[in-house]
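Number of protein chains: 2
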Amino acid sequence: MEVIEKTYVHGYGSRENARLQDQADALAELLHSDTAFPAGSRVLEAGCGTGAQTVTLAQRSPGASFTSIDISGDFLAEAGRKAKAAGLRNVQFRQADIFQLDFGPESFDHVFVCFVLEHLSRPAEALCILKRLLKPGGTMTVIEGDHGSATFHPDSFAARRAIQCQVELQKRAGGNALIGRELYPLLKRVGFDPVSVSPRMVYADSSRPRLVEGFTKNTFTAMIKGIRGAALAAGLIDDDVFDKGIEDLVRTAGPDGVFCYTFFKAFAGSGRIRGG
Amino acid sequence: MEVIEKTYVHGYGSRENARLQDQADALAELLHSDTAFPAGSRVLEAGCGTGAQTVTLAQRSPGASFTSIDISGDFLAEAGRKAKAAGLRNVQFRQADIFQLDFGPESFDHVFVCFVLEHLSRPAEALCILKRLLKPGGTMTVIEGDHGSATFHPDSFAARRAIQCQVELQKRAGGNALIGRELYPLLKRVGFDPVSVSPRMVYADSSRPRLVEGFTKNTFTAMIKGIRGAALAAGLIDDDVFDKGIEDLVRTAGPDGVFCYTFFKAFAGSGRIRGG
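Chains W and C, in that order, give the protein sequences. Note that the first sequence covers residues 16 to 291 in the numbering used here. Note that the second sequence covers residues 16 to 291 in the numbering used here.
A couple of the hints might just be wrong.
Copies of the same chain look alike in the list, so a pair counts if it fits in one copy or across any two.
What the hints assert, rightly or not - With a straight-line Cα cutoff of 25 Å, these simulated PhoX-like cross-link-like pairs (lysine-lysine) come out:
id, residue 1, residue 2
1, Lys97, Lys150
2, Lys203, Lys232
3, Lys259, Lys186
4, Lys232, Lys99
5, Lys99, Lys259
Keep in mind that the hints were calculated from the coordinates and are not lab data.
Chain W extracted, bound-state conformation (with noise of 0.2 Å):
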């Protein structure tokens, strides 16, 4: 796998393990409450991170047996330590390279790929590769966000300008932030067939707390904090623009705010019929 690990991209350090946890918990059900495996069935998850869709994933399907990779080992252990904790017994974890697996062909009914290709220069390719590891008959499951998305209200310039350094941080590191609604053609372009792609929109407002404690705040809006340093000294923005537009987002978690993000989830066949 390709993350390239920058400070500014979301995704390493301790305090962003616990917004992923946090994340995790709230999404879970919007996110993989259509998604089982049948027992017996072999899943390969790609990109596990830190583990925190990996405990939901194998609790959902207790029957089907997981391989989870990642190229960090830092990673790993964080995930392995969660899987034991929950006392996960379906679950090998792999420390590995996307680009550089050793799996031989069709090794698996499943592949599960969930913020990943956000971080790959080469996302297609990286299909590709997984696409050769599913058996015939076999299914992709991709999810992925898009800050673009991003909708909130009151609008802001600032806020906006915010979000728009971290789409470019993202994308200067090789990745792209804005991957989710490009899903379908880019599964359909390396040969998946079928595709089926549906968002899945956070929608926060104040009768909902739990979301925007655990969307709004503590996921997407510390994910744009957090960037700060990265976005000044980068040149993207200005601090007085970028503390506003901070300032703007948590305004957004107030009593008369709203904020909305799109994930897309894709649902893919290996593009080969079972017995073809």
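Dock chain C against the given chain W, drawing on the hints supplied.
Here is chain C on its own, set in the frame of chain W:
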């Protein structure tokens, strides 16, 4: 109803009517599948326009009796024709201004408002007026779009600029093309309780050709196309940028394009309990 009649604000002209009908067909399920009024209940549809929603509403609640009002006599005539063609017997049409209604207090069990608040300079006042028409225990349903929610692939600066012209023109006409995201605080502020808002995203990729045709092309892109003259006349954008924006929006309806747009639907209680 305070719809301000300008050539550049959508909703007027016969080509516009056809466009709105296209939209209504493609979106009826997404927007209205969870709206049904009990037999015997009295429902006010405030701002029915050309009846694009009226037929769907009245057919889904055959036992309810609807009073559908609009400020435009021409629109009502068209709405009446649609209702007759559909064989509806449970709808009465009346020409009326939301800000000058002569219904007595507590005249209705439900009020339904769809694509109306976006045109009003005083949406909170309109909601106050409509709230007084509700019986104790009565409910309000509001559906509005939000042009700031438009998200597409390939992304395009020019397309975003062209959309921004529509937002600006609607603002200058006294309206708010971003009102969808604001429904929760707006309804709470004037005393509706409880209020529950759910986003309804139109997601159109090439696996959904009906939505691509009916929504991406014939609804959204057609609407933006329709403001070309007004946007240029107002000096909001250069013609080459606008035309590139339209070209790029058309491109999102192509084989590898994706277009997303979010409507927001609110269910709100009158704040007074039946028998209270």
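Going through the hints against the structure:
For a Cα distance limit of 25 Å, the shortest separation of Lys97 from Lys150 qualifies neither inside one copy, at 29 Å, nor across copies, at 53 Å. For the homomeric pair Lys203 and Lys232, the shortest alpha-carbon distance between copies (22 Å) is at most 25 Å, but the shortest distance inside one copy (35 Å) is not. Both within a single protomer and between protomers do Lys259 and Lys186 lie at most 25 Å apart by alpha-carbon distance, with minima of 23 Å and 24 Å respectively. Neither within a single protomer nor between protomers do Lys232 and Lys99 lie at most 25 Å apart by alpha-carbon distance, with minima of 29 Å and 51 Å respectively.
With identical chains, the CA atoms of Lys99 and Lys259 are never at most 25 Å apart, being 42 Å at best within one copy and 55 Å at best between copies.
This entry does not satisfy hints 1, 4 and 5, going by the numbered hints stated previously.
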